[in-house]
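K.L.:
Model the full structure from these sequences, guided by the hints.
As you go down the protein sequences, you meet chains A and B in turn.
Sequence positions in the first sequence follow this note's numbering and run 3 to 378.
Sequence positions in the second sequence follow this note's numbering and run 6 to 264.
Source of the hints: derived by calculation from the structure; they are not laboratory data.
Yeah, the Cβ is synthetic: ideal placement off N, Cα and C, and Gly gets one too.
Among the hints, a few may not be true.
Stated by the list, open to error - Calculated pairs, DSBU-like style, for lysine-lysine (alpha carbon to alpha carbon, straight line, at most 35 angstroms):
| id | chain 1 | residue 1 | chain 2 | residue 2 |
| --- | --- | --- | --- | --- |
| 1 | B | K191 | A | K147 |
| 2 | A | K242 | A | K270 |
| 3 | A | K145 | B | K115 |
| 4 | B | K20 | A | K147 |
| 5 | B | K128 | A | K270 |
| 6 | B | K149 | A | K372 |
| 7 | B | K191 | A | K20 |
| 8 | B | K115 | B | K128 |
| 9 | A | K242 | B | K128 |
| 10 | B | K236 | A | K20 |
| 11 | B | K149 | A | K374 |
| 12 | B | K115 | A | K372 |
| 13 | A | K145 | A | K239 |
| 14 | A | K374 | B | K191 |
| 15 | B | K113 | A | K239 |
| 16 | B | K149 | A | K239 |
| 17 | A | K145 | B | K174 |
| 18 | A | K270 | A | K372 |
| 19 | B | K149 | A | K145 |
| 20 | A | K147 | B | K149 |
| 21 | A | K145 | B | K236 |
| 22 | B | K149 | B | K115 |
| 23 | B | K115 | A | K270 |
| 24 | A | K239 | A | K270 |
| 25 | B | K20 | B | K236 |
| 26 | B | K174 | A | K242 |
| 27 | B | K20 | A | K239 |
| 28 | A | K372 | B | K236 |
| 29 | B | K115 | B | K174 |
| 30 | B | K113 | B | K191 |
| 31 | A | K374 | B | K128 |
| 32 | B | K149 | B | K113 |
What the hints assert, rightly or not - According to the in silico footprint, chain B covers these stretches of chain A (three or more CB under 8 angstroms from chain B):
| id | region |
| --- | --- |
| 33 | 237-251 |
| 34 | 260-268 |
As the list claims (entries may be wrong) - Beta-carbon label-pair distances, calculated as ranges:
| id | chain 1 | residue 1 | chain 2 | residue 2 | range |
| --- | --- | --- | --- | --- | --- |
| 35 | B | S124 | A | A228 | 18 to 28 angstroms |
| 36 | B | K149 | A | I160 | 41 to 51 angstroms |
| 37 | A | L229 | B | G186 | 27 to 37 angstroms |
| 38 | A | V255 | B | D74 | 43 to 53 angstroms |
| 39 | A | I152 | B | F218 | 47 to 57 angstroms |
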Amino acid sequence: MTDGATKNIKEPGKNASKTILLSLMQVWAWVFLACLVLAFIVAVPLVSGSSVSFLSVRNSQNILVAITPVLLLGLGQTFVIISGGIDLSVGWVMSFASVISALALRGAFNAGLPLPLAVLAGLAMAVVGCGMIGLFNGVIIAKLKVPPFIVTLGTSFIVRGMALLMSENTTVIGLPRGVRNYGNESMMYYVRGDGGGFYFFQKPELTVELLRRMDRIITYPVLMTALVVAVAIYALKRTKFGRYTYAIGGNEVAAVRAGVPVERHIIKLYVLSSVTAGIAGFLSMLRFTAGSAVIGDPLLLSSIAAVIIGGVSLFGGSGTVVGTVIGALIIAVLTTGLVMLNVPSFWQFIVVGAVVILAVLIDQTRDIIKNKIGSS
Amino acid sequence: MENQPILSVRNLTKKFGGLTAVNNVDLDIYPGEVVALLGDNGAGKSTLIKCVSGVHSPTSGRVTFQGEDVNFSNPIEARDRGIETIYQDLALANNLDVAGNIFLGREKEKSYLGGLIRSLDDKFMRDRSAEALESLHVEIPSLKAPIETLSGGQRQAVAIARAVYWDAKLMIMDEPTNNLGVPEQKKVLELINALRDRGVPVILISHNLPDVFAVADRLVVMHRGQKVTEKKISDTNSEEVVQYMVGALDDTRKAEVVG
Ligand SMILES: Nc1ncnc2c1ncn2[C@@H]1O[C@H](COP(=O)(O)OP(=O)(O)OP(=O)(O)O)[C@@H](O)[C@H]1O
Ligand SMILES: [Mg+2]
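P.N.:
Structure follows, in structure tokens:
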């Protein structure tokens, strides 16, 4: 009874070189990121003077702050794309969240609520409001079987109109001054040079001289994003929720036959995607102390680029959250590094675009090699 | 066989609009037997078994399973009762590993903090999957690899192991050896024998007569929606079966002429 099936086991060593190439391609994004960072560490001081360093505390924190919105949009998108869908509405949903959370925060504060509660009201508004949009997307996609590309494209326009309407076509301002702290302060500070050092939990009282040398390490929005990332990693890897996401992307019919509540799960995925976009909008509102209806749209394509660079297959069924984090980091490191090298900004787009295409090429080549090894 | 049938189908008819895909068919399946369901393309084989497995609901007629009348409204209900159906494709998620597939939709979880946090119990699922495969004498190179890296026959084995693990009472296999190489086909036939040894009856739809004669105990031939004969393997041969399949022979007609 052990013939047939067992004899097909490949002999080890036979495809050694291909296997090494394969594993290299598996982790190419890590390698690529490391090379980028190294390249910039060397090149930046050469071009911009030896006092400028790429991996300084300030610069690395700037990179983290810059990737939070792209990353949050990319997280929900990662789940959705793994399941075989796509969510084109997240950019405008983020804008919408920025506007409605600003309005809610301002309203709550003006009604006499203390600032922390008003901030929470803003968060609640972003989560619930965007959750409803996700529900709308999910129900139409799962129950009425309209392709996700079309549904979320339509929703994107609808939400765009709503965001502009609610913000009265301008930036929502007049937020309490303390909001700034939520969006920009942190639990850890570092002051460079003489008389400097680390400070925890409280912004240090310092001379103007020292304050200029102070950096915030892991601001609250970065911290919150990190928490969301941690939950997302766990959810995708270790829970039923993640397992169903992969199963639906791998073979939806099989998932249905196996008793996976496919429709309900798809609805949940679009709610998740809208909610992470909502959190992105809320955090950017805190960071800029204003609600903006145009903040999210330019980030949509960057977030999809991060997801693709991170190795999520647009056909569904494969990908990881960590991959998306790497993808977002690659984009941010590239962009920041090129700016520091005084490269004109249009080059950023050209380079990021090339990396997206490169990423897909590498993934495809990897699959071809994998199949060759599998069938030989 | 003197014992009770596990499945009996009575006067089952399924119409699609004006087309009668299954016409007044009776069928009994007893514990531990392999019954081949034969017939030309479009004879109604798949439609008949879909009426049993909950994909279709019959236009008229009765399905009795383990002594109870059943009317499944979807395949999951049928599966929960122990009717497992295996198709060549679409049965498994190729991007999941073996355990992911065997436990799909019925995952085992561990809970922490009083159920607040739950995670998949991958070790449990992997161990049980290994046992199920072992009990069928199937060896799989890696339980952790996505099953797209497995051969067609190995995937079929995973699907069968799933049915075995979840204690199937009836296994329906719709052309399970389609698209498989010869050694793989042999393996699937061995698995069918293993199921019979465990007392699990199998309905096997196949166009491959040598396979049928190698593994089945009985065969049922359909032609244009009707059951035209039902015979023990030992009482018939390929030539005769082909005659039934093409409609040259037909027991229902003979009965009319005689009676
Ligand atoms: N969902 C459906 N809607 C309409 N007609 C159908 C449907 N399913 C099957 N039929 C028709 O019913 C008849 C029987 O089809 P069925 O699939 O049961 O045949 P089969 O015996 O399984 O054939 P094959 O050997 O080719 O798989 C065919 O004429 C087919 O076109
Ligand atoms: Mg068929």
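K.L.:
Find the hints from earlier in the document that the structure breaks and name them by number, from lowest to highest.
P.N.:
Hints 1, 10, 21, 27, 28, 37, 38 contradicted; others consistent.
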